[in-house]
Amino acid sequence: MTTMTMAAALNAALADALAADEDVLLIGEDIGTLGGVFRITDGLQDRFGAERVIDAPLAESGIVGTSVGMAYAGRRPVCEIQFDGFVFPAFDQLVAQVARLHYRTGGRVRMPLVIRIPFGGGIGAVEHHSESPEAFFAHTPGLRVVTVADPQDACSTMRAAIACDDPVILLEPKRRYWGKGEVDTSLTADLDSARVLRRGRDATLVAYGPLVVTALEAAAAAEDDGIDLEVIDLRSLAPLDRDTVAASVRRTGRLVVAHEASGTVSLSSEVITCVIEDCFEHLEAAPERVTGYDVPYPPAALEDHHLPGIDRILDAVDRTLGRRSSREAA
Amino acid sequence: MTTMTMAAALNAALADALAADEDVLLIGEDIGTLGGVFRITDGLQDRFGAERVIDAPLAESGIVGTSVGMAYAGRRPVCEIQFDGFVFPAFDQLVAQVARLHYRTGGRVRMPLVIRIPFGGGIGAVEHHSESPEAFFAHTPGLRVVTVADPQDACSTMRAAIACDDPVILLEPKRRYWGKGEVDTSLTADLDSARVLRRGRDATLVAYGPLVVTALEAAAAAEDDGIDLEVIDLRSLAPLDRDTVAASVRRTGRLVVAHEASGTVSLSSEVITCVIEDCFEHLEAAPERVTGYDVPYPPAALEDHHLPGIDRILDAVDRTLGRRSSREAA
Amino acid sequence: MSTTMSAGSTRSPRDEHHDPAPSDPAAPRGAAAPHPAAARSAGPRSAAPDPAEPDPAPSHPDLAGAVDQPLQVLAVDGTRRPEAQLDPCLRDVDEAQLAALFLDMSVIRALDDEAVALQRQGELGLWPPLRGQEAAQIGLARALPERDFFFTSYRENGVAWCRGVEPAEMLSVWRGTTLSGWDPFARRMATPQVIIGAQTHHAVGYAMAMAARGQEDIAIACFGDGAMSQGDVSEAMVFAASFRAPVLFFCQNNHYAISEPVALQSTVPLSHRPLGFGIPSLRVDGNDVLAVRAATRLAAERIRSGAGPMFLEAVTYRLGPHTTSDDPTRYRDETELERWRERDPILRLDRHLERLGAPVAQLRTEADERGREAADALRDAVAALPVPAPEALFEHVLTSEHPGLARQREQLTALEASLAPAGSAS
Amino acid sequence: MSTTMSAGSTRSPRDEHHDPAPSDPAAPRGAAAPHPAAARSAGPRSAAPDPAEPDPAPSHPDLAGAVDQPLQVLAVDGTRRPEAQLDPCLRDVDEAQLAALFLDMSVIRALDDEAVALQRQGELGLWPPLRGQEAAQIGLARALPERDFFFTSYRENGVAWCRGVEPAEMLSVWRGTTLSGWDPFARRMATPQVIIGAQTHHAVGYAMAMAARGQEDIAIACFGDGAMSQGDVSEAMVFAASFRAPVLFFCQNNHYAISEPVALQSTVPLSHRPLGFGIPSLRVDGNDVLAVRAATRLAAERIRSGAGPMFLEAVTYRLGPHTTSDDPTRYRDETELERWRERDPILRLDRHLERLGAPVAQLRTEADERGREAADALRDAVAALPVPAPEALFEHVLTSEHPGLARQREQLTALEASLAPAGSAS
Ligand SMILES: Cc1ncc(C[n+]2csc(CCOP(=O)(O)OP(=O)(O)O)c2C)c(N)n1
Ligand SMILES: Cc1ncc(C[n+]2csc(CCOP(=O)(O)OP(=O)(O)O)c2C)c(N)n1
Ligand SMILES: [Mg+2]
Ligand SMILES: [Mg+2]
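Protein chains in written order, with the working numbering: chain A, 1 to 330; chain B, 1001 to 1330; chain C, 2001 to 2426; chain D, 3001 to 3426.
Don't read these hints as lab results, they were simulated from the structure. Watch out, some of these pointers could steer you wrong.
A few chain B residues facing chain A, derived, Cβ under 8 Å [as the list claims (entries may be wrong)]: (1) Phe1048; (2) His1139; (3) Gly1142; (4) Ala1238.
Quick look at which bits of chain B chain D covers, simulated, 3 or more residues with Cβ under 8 Å [said to hold, decoys possible]: (5) 1061-1070; (6) 1104-1111; (7) 1239-1253.
Stretch-level coverage of chain B by chain A, calculated; a stretch enters the list once three of its residues show a Cβ under 8 Å from a Cβ in chain A [unchecked claim]: (8) 1079-1092; (9) 1123-1137; (10) 1265-1276.
We put the CB at the ideal spot given by N, CA and C, even for glycine.
One chain only, chain A, in its complex shape (with noise of 0.2 Å):
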């Protein structure tokens, strides 16, 4: 156990499955000789060489669609994609293919690649460097969709994902990757589950990438008021831990559910869904979200607008327990 950042544990587990796997590499813009532009990859090219650790052309559709060939060809590659708003020039090559070839090919041909992407908004930057387009792909099927939360969390969920012969699109908190923790870099994730971070009665507040975070701090200032919030981390979003916060729910009897990404058509409405299918006839009262609105990503001067505080996660808490809030003030 050592104490780490995020960045370094991310780091350490790519370093791990280079030294491990001769088939396993990286290839993405930037990532070799600066390092990545978050130096997460930092190092590493110096360490496995130009042809394991690739610096690619400025083209995430060639990034994604060159690594499906080597895939064909028996190896792992592991993409990273700048920065979230930039994965769409991608995204034919994952829905169409990434996310169909195995089951286009009846099982023959397996796609072990893991796209890398560093997500979510809250650190003041321009248009498209703040993106959550995780419900692009959950919708996807043939797609893990995972997430990760804390440096912990992050290394072992790397070493899973490149292990893991499914695509999985890893989505990275860009804003959590300086945050530190006790690491144990030999551990792995369990792909499948949800986590249940914090014990609770009154609700249940479902997170997950950066919102984790938040979502722990909200239920900490929540005790102070004498309610005592269950906190999920949802880690994987396709497919989706449904009996994790089924049972939750089933306890509660009451469930909130945050992200930074809109609210329409999303994981949010999907859990929510998910938690009617499984025991509506437990819910005391109708769940809530609280996400990003449903407009473009805006200018920074607004995120702190736009993206979920404390503050709306408890006033939607306040809602689900009947208490007044400031939605019936409006």
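Starting from the known structure of chain A, fit chains B, C and D with the ligands onto it as the hints suggest.
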């Protein structure tokens, strides 16, 4: 009023728009000389010339991106994407440009594009020719996403979409192109509203696009069983007319949502979540969704099993009504 | 891949701009002026070497480049013409070889015709005929060893034939019983790609992986003239050039992308495109099976030597419709068609054999017989293609089944069971 | 556009492959061998005419093409060199013109420096400096009439300056108070595009619309060397060539895409790329303001005459970091930088003015003063940039507000009101 197919109704609406406004133009693959692979643009290049009805090089990003530039210059491009599965190469231009330019520029630049996409399955086609990509677009703020269901609706909605100053993704249910109906080509639809197509007491059945016909057939079949279904055609998937749905559910207490797209993070998740938010206390049973399974679109031999048909819809209706259903049997 | 729903009036075809007929003494020549880039064809060096690469590609003395007038070995009338660049690659061609190529082309045409017939009879949903492109596909595939890996589009059934794919396996996708007709690894050929151009990236990545392992296998990306406009194809050339990937880009310019003439995709010959990406290119008469075979060998040898990617444009013509749903009379006329029927690749080899004094009549008979047998066998095999069970819907979405999908599978099974005697879903 | 989070060890830079220094007597030459395509530069005709177009582009006698050695008018030491192609476009250049260009370049550099300082002081989130690219941008923008429309990337503040954009308007996006700093129609320049290459399509579409209306306006697509790899840029060339769109593709090859050297994007000079799309191309010394200005005029005149698109590669160098978050010491070394500092575009014009005997000292003083004034004014204007109200979040998503969004806006307002005295959202 004339009897015509949906294809002819769309053709008529396009012709009228081209005749009425010099700035309207059509662009797409094979839409000129050939008249489109579905003949929706048949005869229009002859009538309006190759600068108004443009055969584009084989590149969807180019078709949409070029149209963005034309819109800067005040034109109103109507793009044809040949089949649903070919929209993904244009995804970046759609979500990062078309959807955002109005917002990005503080309202200075308008993007009055219509992106026509023949969508959905049921025609026995090969891969990528039967997709239902609406969830991707409905999740993207800045786009209108509109479906049509019958010839009159298709004609009126096309007129409204071209007249609208927002970008409109117009989804045409290809398996209904050859269905006939009475059409008054002078009517213009309201892009914001769902349509209640059938009044009923026992449950609300929500559908759109190709499944509207199926939903009406299901309602007719249910009637024989003594079940009185209200059928709503959602029409606009974004923004969603949640008020019309909520008003119906307040009366019926029960909801079934059907579409061809996979269910996870889909329009049905969204409609159900909206209903939960709007009238949780009026629900007498958990809402149900009847959708394509969470699999890539399968080979034609399996599509009848994949697509929601009358039986699956009625099975879901039974469940909301607390009748014995096959699901309980499982 | 697209369905066209109704027949209609004949349009006057747009001009065929820049594809002068492969030098055919009878046919009128297109444009006489050579393209400026043709200047580079003259010199005895590779078409587009990099002047400043630290480790330049070995300059192959036999690769002079040809990007305007397509290289040709067999004239339309069947005479063999000397071709300095290609002749060295044809030394091994004897009458037996020619007969084998003739049979390959004839049998794949018979199978193609049978597939069209099966579609007309409702046995297939759709079929994309390759008639007219036999020489391009057979010349390509017969020039390469088995270890090389193909990433193709949907029309390359001639390539599949050479790879030993069962004809019924070729048709199963079009019958709709599966999404992939064969095992890509067993045949060393990926199954058809419907998204135009997407497979070019896959070929480049595969080639890079082979090179990284020190293997000599090359990858072949097959695509059409229309595909040249897709961003993916350009990006694939960027990656291939930068990483010196051992990949052969093989473009069958059959003059149309559905209804769109190639002039809409490029105002200059397609073979010019790769040069600007630093990839040498050859333009070859795609209806001349010997020229295609020789050019492929030349290119493959160069690629295998470590010189990086290469590009071949095979100038050919789709004699049939785009697919069985298409009505080509809407966009091209009989005169054009007639001109290309005269350049039919099988007819050309037939004439050549005749000139050589080979026993052509006998060969024709053999070709007919083999074709008929193959077609009959195909008809039976197609009828026998298994229809997948409904549960197959849920297989291979991921490498393991997740609970959500298991639940959906159970729902479907229960529903089917409950309906079993009564009927099926609408 | 990307943030780099920590400083680190210096890497040895990769070789700069194929960009020989603009002919600089002092600097060592890169590759001596001319590219084969250079053969086409010799003849007195347009760089890539279409041999078979029915209505061929008028062949401009003054466009000889130059795709390897960049065209240059001012040598590094400031001497004026004869350049047969460009000289006719420079006849109107007098001392006053030169002084104006000098002031433009100097003031935009002062503004750029001030923006860097403001970022360091926390007034901006990020800034992409243009230092080193002043000649490319000013030479381009000053050669074109106001009616022409620019679609640029994020680094073209020199162009914005020429278009009368207020400096604070340039910075507002980087301060995060808005997503667009100015009215694109008022300035005839679209606001910065962050998605690499996306704007090239927009330029082509705009140009097509102008041509369809019979207007003589042209569109200019500005992008970098890295952008050349994006599929969109290739597709834009396809559309431009097919539709003969009146568009100028202007590539500033500043040798890097963040840390990636241009050799990773192309193994041959970027100016070769458009030739394969049928688009004539010129390679010009991008640190020579006169050469850029002349080449732009030449190109614009040709485009405006209806000859279709053209491409200019301006070979230049980014002297600063990619953005203020970048640490270029990780990927390039001092020697390379020193070589390019010697080719500084402002220094070059300064030397030229000196050789001409112009009152340079006076001009330098004027440039300093104007620069300082502009920088001071910018500092004040940035501090005064309005912070949008929270409700602005919901404006202009569509052209009219829909009920769902109105509801969200009301929720936010209510929440803010309820929290008003206590604090704000985390
Ligand atoms: C991305 C994409 N866009 C559009 C289509 C529809 N489509 C199928 S085939 C075709 C024409 C392809 O032309 P070409 O590349 O010349 O190949 P050919 O059919 O002539 O063999 C088109 C437009 C597609 N399959 N994929
Ligand atoms: C689609 C996309 N991918 C990646 C990025 C991240 N990115 C921002 S600038 C840049 C390099 C651009 O290089 P170039 O085109 O040479 O322009 P320059 O910055 O040198 O002016 C990259 C990779 C982006 N903005 N958009
Ligand atoms: Mg073709
Ligand atoms: Mg650059």
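Hint by hint, here is what the structure shows:
1. Phe1048: 31 Å, violated
2. His1139: Cβ of histidine 1139/B sits 4 Å from chain A, so the hint holds.
3. Gly1142: 6 Å, holds
4. Ala1238: 7 Å, holds
5. 1061-1070: With 9 residues closer than 8 Å to chain D, the stretch 1061-1070 of chain B meets the three-residue bar; holds.
6. 1104-1111: holds (count 7)
7. 1239-1253: With 4 residues close enough to chain D, the hint holds.
8. 1079-1092: Holds, because 5 residues of the stretch 1079-1092 of chain B bring their Cβ atoms closer than 8 Å to Cβ atoms of chain A.
9. 1123-1137: It holds: at least three residues are needed, and the stretch 1123-1137 of chain B offers 4 whose Cβ sits within less than 8 Å of chain A.
10. 1265-1276: Satisfied; 9 residues make the cut.
Hint check: a violation occurs at hint 1 only; the rest are consistent with the structure.
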